[in-house]
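Whole structure, please, built from the sequences with the hints as guidance.
For the sequence shown, position 103 (counting from the first letter as 1) is numbered 90 according to the numbering used here, and the numbering increases by one without interruption.
For the record, the hints were derived by calculation from the structure and aren't laboratory data. Certain hints may be false.
Straight-line distance between alpha carbons at most 20 Å, and here's what the computed EDC-like set of lysine to aspartate or glutamate pairs gives [to be verified]:
1. Lys182 / Asp60
2. Lys213 / Asp202
3. Lys157 / Glu167
4. Lys93 / Asp104
5. Lys93 / Asp202
6. Lys93 / Glu141
7. Lys157 / Asp18
8. Lys182 / Asp104
9. Lys8 / Glu53
10. Lys187 / Glu223
11. Lys136 / Glu191
12. Lys187 / Asp202
13. Lys93 / Glu20
14. Lys213 / Glu163
15. Lys157 / Glu112
16. Lys213 / Glu201
17. Lys213 / Glu186
18. Lys157 / Asp212
19. Lys93 / Asp212
20. Lys8 / Asp100
21. Lys213 / Glu184
22. Lys93 / Glu240
23. Lys157 / Asp60
24. Lys213 / Glu228
25. Lys93 / Glu167
26. Lys93 / Asp18
27. Lys136 / Glu201
28. Lys157 / Asp104
29. Lys157 / Glu240
Now the in silico label distances, taken between C-beta atoms and shown as ranges [to be verified]:
30. Glu228 / Val27: 27 to 33 Å
31. Val85 / Met0: 25 to 31 Å
32. Asp100 / Val49: 36 to 42 Å
Yeah, the Cβ is synthetic: ideal placement off N, Cα and C, and Gly gets one too.
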Amino acid sequence: MEDVQKHVADIAMPIDRVGVKGLRLPIIVRDRESGIQHTVAQVSLSVDLPAEFKGTHMSRFVEALEHWSGELDYNTFLTLLDDIVGRLQARSAHVRFVFPYFLRRKSPVSGADCLMDYTCRVDGEYRDDTLTFTLGADVPVMTVCPCSKAISDEGAHSQRAEVRIQTRFKGFLWLEDLIEIGEQAGSCQVYSLLKREDEKYVTERAFANPAFVEDVVRAAAQGLDKHPQIRWYRVEVESFESIHNHSAFAVIESGG
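Given below as structure tokens:
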């Protein structure tokens, strides 16, 4: 059959990335507590396309996923990207997995047990036989505004914030490490299940530890700086302001 994708392009212009997104796939990730965890990822796959080709072969991305093991780690990610490059005769390939990762958390006073979910992501770019591998986690926290607390006779405004961490590292890095660094950076961590005694604890702890978005991003960056495996990171904190119709944010990037 005629291979229309290999026809000469009407406009001879290279494309940086072309591919598919929004695929859902069951995957297996490493879990520090139980060894492995089964979850479902949203997947994006892409390659570069030279100027002379009209299009890429979209079905081959799905074929590559079907032949992939489904176990998410550095070596299997490299295998997947190498397969995509070969199938699509590309110079570079990019894969992104975004998935919920679950940890069992105990409420701080009552000890009530409940699952907490965190949005995690893995990005891989394969170019010139080299894999750039990035691991990240989005961590919800609570913040209390130091300025509001200082100038108010009673109370202060508080809100939920999100610590978004991306890292490159040597050796092996647990998702739990990133989540813990993010949680420790806020005024207080958040929980799925709180009884009254837990709510009292969380409120009092947060108000005893007020933090600007600048304080949170610096605390997270300091935690990442101290981690022996991490060689590059980007951390962004977004505060979903409770007294404004906008968010506040801060970003620190460090390493090579």
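Pair hint outcome, Lys8 versus Asp100 [Cα-Cα no greater than 20 Å]: Violated, at roughly 35 Å.
Would the hint linking Lys213 and Glu201 be met if the CA-CA limit is 20 Å? Given that 20 Å is the threshold and the Cα spacing comes to 19 Å, the pair holds.
Would you check the hint for Lys213 and Glu163, treating anything up to 20 Å between C-alpha atoms as holding? The given pair, whose Cα atoms are some 15 Å apart, holds under the 20 Å limit.
Verify the proposed pairing of Lys157 with Glu240, using a straight-line Cα cut of 20 Å. Given pair Lys157, Glu240 holds - Cα atoms ~17 Å apart, limit 20 Å.
Is the straight-line distance between the alpha-carbon of Lys93 and that of Asp212 20 Å or less? Between Lys93 and Asp212 the Cα gap is close to 28 Å, so the pair fails against 20 Å, i.e. violated.
Straight-line alpha-carbon gap Lys93 to Glu240, limit 20 Å: Given pair Lys93, Glu240 is violated - Cα atoms ~32 Å apart, limit 20 Å.
If you draw a straight line from the CA of Lys157 to the CA of Asp104, is it 20 Å or shorter? violated, 26 Å
Keeping to a limit of 20 Å between CA atoms, is the pair of Lys182 and Asp104 held or broken? Roughly 19 Å separates the two Cα atoms, so the pair holds.
Between Lys157 and Glu167, does the CA-CA distance stay at or below 20 Å? holds, 19 Å
Taking only the CA atoms, is the gap from Lys157 to Asp60 under or equal to 20 Å? Cα-Cα ~13 Å, so holds.
Is it true that the CA of Lys157 sits at most 20 Å from the CA of Asp212? holds, 14 Å
Assess, step by step, whether the Cα of Lys136 is no farther than 20 Å from the Cα of Glu201, and give holds or violated. holds, 16 Å
In summary, the numbered hints that this structure violates are 1, 5, 6, 10, 12, 17, 19, 20, 21, 22, 24 and 28.
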